[in-house]
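J.: Could you put the whole structure together from the sequences, leaning on the hints where they help?
Listed here are the chains, written in short residue letters.
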Amino acid sequence: MTSPLDHYLLRAYLDGEMDETAAEAFEVLLMARPDLAALVEADAALAIGLRAAGSQSGLGPATEDNGGNGKSTGAGVTPLRKRPRAPLGRWLAAAGVMLAFGMGIGRWLPHASDPMTPATLVYVDKLRSSVTTTPRLRLPSEGAAVLMIPVASTDACASHRVRIVQGSLDQSAEVNPDEFGYANLVVDASRLRDGQAQVHVLCGDAPAAEYPVEFFR
Amino acid sequence: MDESAGKGAEQGDGGVRALGESDALRCLPGARALILRLTRDATLTNDLCQDVMLAVVMAIREGRVKHPDALPAYVQQTSRHMVYASRRKLQPVAVESPAETETVWAETPATPAETYEADEQRRLALEVLEELPTERDRTLILGFYVDGLSKSDLMHRLQLTAQHFDKVLFRARTRMRDLLHERMNAGQQRLRDSAAPGVLYRNGSRHE
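From first to last, the protein sequence lines are chains Y and L.
When the first sequence is numbered by our numbering, its final residue is 217 and no position is left out of the sequence of numbers.
When the second sequence is numbered by our numbering, its final residue is 208 and no position is left out of the sequence of numbers.
Hints listed in this document are in silico derivations from the structure and should not be mistaken for laboratory results.
It cannot be assumed that every hint is accurate.
Said to hold, decoys possible - Here are some chain L residues the structure puts well away from chain Y; computed CB gaps all over 10 Å: (1) A18; (2) N46; (3) D51; (4) G63; (5) H81; (6) R87; (7) P112; (8) A113; (9) A118; (10) Y145; (11) V146; (12) T161; (13) A186.
Unchecked claim - Examples of chain L residues toward chain Y, derived with CB under 8 Å: (14) G30; (15) R37; (16) A42; (17) A162.
Quick reminder that beta carbons are idealized off the backbone N, C-alpha and C, glycines included.
T.: Structure follows, in structure tokens:
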């Protein structure tokens, strides 16, 4: 069974986001995992088949005009170059108006609290389970901490939830993983205790990953 | 392959499970995927896979690989070396060869099997493409695989989130994998069906 971590690694490998050493390590894993190997083979087969189809049947590259002869691309695909670009100018104008408005409001309103507050980044599992020892994470004595938790997004999971359990203390929140597969959670550091904790990642109600950590200050 | 044929089948030291020649076959899907990814050539991949398996079985027989945990890394390295060696063979040779020979070599027609294989791959890839629900998804797949555009470029052009991008690619790869499995299973079924069971029907017509 492919885990979210497998999906994350597979995507990084296929998208060429791994360095040479990591890619070779993943290839060794492929030898022992036919389920992952099947997806790698499918990716290569897709590339070969589509390129062959493109060269033979006029299924042109998605960025070309096909000579401007108006021929269909075969699968109902409009080449990217024929598409209108994003209306960037309009957005820039709107942003300018909003900025001017905001600056005016800012001058008019009395100063309240600081517009920015510092936060401490805390990687829950920077090495993605490649070490066996429980990581020790330093928390700030006060203020905000941003917990970065590996949550690989997969097709099967519509919503992720992160739960932090420290004895009787049990906190959880819905999260949206970023493009690198991390969920970034802002936590008031004073609400976390020093000592052992379990960080659970849930897909719906099903457990997807678990990271034992130790907090200290 | 006979596991008892070589040294690899002998009981290893320290209670470690002895490595058998059939263990090499478990690495075959991985080796095939790796070689296909590096070469992008199905025919060459088949040839190189055979060479890799032969080399690995020989290594097991001669006792050069003993520990089961070492086998995946050995197969991976052998696969890479085979691909590098095949590329070296394709480099131009220093000796000047007659131009007509080069032309003939370059224009060697594909065999029927190669043509069939290429047609099948085209058909499956187009099937995957046509099953995608929106034009934008199809454009994404073409941009990624045919144009070789980067993820960030495609996300910007099509105004997609990284999550949507990954989802479309994952869906296409999974569907292609399923189609390849279906085709493989259908091929095995055809082979079973084509074996005429003459012995079973020796007392009469098989249609009786």
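J.: Quick one: which hint numbers does this structure break? Sort them smallest to largest.
T.: Failing hints, ascending: 9, 10, 11 and 12.
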